[in-house]
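Here's the letter readout for the chains.
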Amino acid sequence: MVGRLLMLAAVCLLGGLLSASLVRFSPGYGVDERELDPRLSQASVEAIRNSHRLNSGLLSYYGHYLSGAVHGDLGSSLWLQRPISALLKERFPVTAKSVLIGVSLAWFVALTLSLAGVFLRGFYFDISTTLISGVFIALPAAVVAIFSVYLRAPVSVAIAVVTFPKLFRYLRNLLNHAYAQPYIMAARARGISRAKILFRHILPLASPTLFALMGVSLAVAFGAAIPIEALCDSPGVGQLAWQAALNRDLPLIMNLTLLVTLITVAANMFANAAHERAM
Amino acid sequence: MNTPRLRLICALVLGLIFVLGLFAGTVSPYPYAKQFREHPNVAPSSTHLLGTDSLGRDLFARVIYGTRVSLLLAPAAALLSTLLAGILGGFAGLLGGWCEKIILAATDLSMALPLLFVLLALRALLPLDISPILSVIATFALLGLLGWPSSLRVVWAATKNLRNSDFLLLARATGCSRRRMIVRHLLPNLRPVLFAQFWISIPVFVLTEATLSMLGLGVIEPLPSWGNLLRGLEDISAVSANPWRLTPLVLLILVVICFQFILPAQEETA
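As they're listed, the protein sequences go chains A and B. Sequential numbering from 0 applies to the first sequence in numbering that gives the first Met the number 0. Sequential numbering from 0 applies to the second sequence in numbering that gives the first Met the number 0.
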């Protein structure tokens, strides 16, 4: 557990340093539009320039960022001229809700179809699910977003459509592999019920990968949230990241990237810890 | 499902689409940016096989040129990412020790970063009004430079297995030089793994480019790519008036499905 927490801290620090480097060395860093305001006196312009010079080195910039982050101050958005922490407080719950509903829906459908495939063993069922998941996997998330606008489907359904095929393919292979184990064939030959085989033999065997998949599915869903929220006009962090990229608001986009990275790493850590406890 | 016949059909379809893209200048009746201002949004006809877009540009020409951009540059990006994964994963697997630990830690960190967020961040570093050619190069270079971590893990595991294999132990015991060991023994055995990683990366990059271009952060107009052609789908009235506007989407789905069927099975690459 200590090792994992250290890993999380390392991701925070290294990711933060990477973000700070990108922001610090981006073209136009330290240039302030207010300097062009003719109403400002020379002393005011000089004061603005001095405020930028204070943190002009990478390490001092990073140190300033870290000390602010510890106190909940993530800096200000260059484009919206608002504190980034306030923007995250507003936007993150929207994305979190869509992602959680979308991932749950994708897991439910993928697990149901995979289990049905394992137990039914129907040729046409197999072909049709392979074809559907193959077409869904070939759709860019942005196209899924456009179709969800056409059909007036919620953002969470679009996220589920993007996450489902990747989950389904893993789950189906995993469960098929577990179902083909010799001791499960022996259990079937002895007439043990399907439910008992599933809960006592297949799921425990597949559980390590299932736990790992939970973290991966969250990462996929957060990635899909950018184009889906952008094109469905949903006011979440995905849309904010897109708008920040279009407006070259690097401090905002780097903070968003760090936030999603931390969530993904924490989800993976939680999944691993849950798996170890289950073992 | 991966029967040889199905693979052959998929390879033929992919080959045909590649050739069409490669010879876009010959196949296409018009340049991709030529406007027929008196004929915007027209239905398919003998002069415009797939009709025209809202700016009066021939859709067939744009699809063919877009195929060239998407299908020729995605393999280039895949080659770059596989090369990076091969070099770094090979070093990590062969050398072991601190080198391995540092490379794997960097890989874990890169894998923790969500690709699309990082792409947006790096793309935001560049001005939005760069030239179309530069936008193509920037998009696919970013994909190639950021797409290596998952491939590296596979290459590293394969190299490590090979390093501990009996035949390499025997080669070392007989005084085989490191260079000869890498060139004659390691690389030929890593080739299927590298090939599989290259092949897997292509559809991933095609789809990512499509998403980036649809968001206005990939290939910039007037240069066509499947991604920016798909932006036309946002106009539902134009799509319902001319369903042939779905052609880039159909091509994209067809190509990704063909790649999936052609992909070598795990047991063949192991």
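Keep in mind the hints are simulated off the structure, nothing from the lab. Quick reminder that beta carbons are idealized off the backbone N, C-alpha and C, glycines included. Hints may contain errors.
Only pairs whose alpha carbons sit at most 20 Å apart, straight line, appear in this in silico SDA-like list of lysine to any residue [claimed, not checked]: (1) Lys159(B) to Pro191(B); (2) Lys165(A) to Phe258(B); (3) Lys100(B) to Ala8(A).
Take a look, some chain A residues computed to stay more than 10 Å from chain B by CB distance [unchecked claim]: (4) Leu87; (5) Gly133; (6) Phe221.
Hint check results:
1. Lys159(B) to Pro191(B): Measuring from Cα to Cα gives roughly 15 Å; hence the hint holds.
2. Lys165(A) to Phe258(B): Holds, because 15 Å separates the two Cα atoms, which is no more than 20 Å.
3. Lys100(B) to Ala8(A): 17 Å, holds
4. Leu87: 14 Å, holds
5. Gly133: Nearest chain B Cβ is 5 Å from Gly133(A), so the label is violated.
6. Phe221: Check fails; 6 Å does not lie beyond 10 Å.
Comparing the model with each numbered hint stated earlier shows that hints 5, 6 do not hold.
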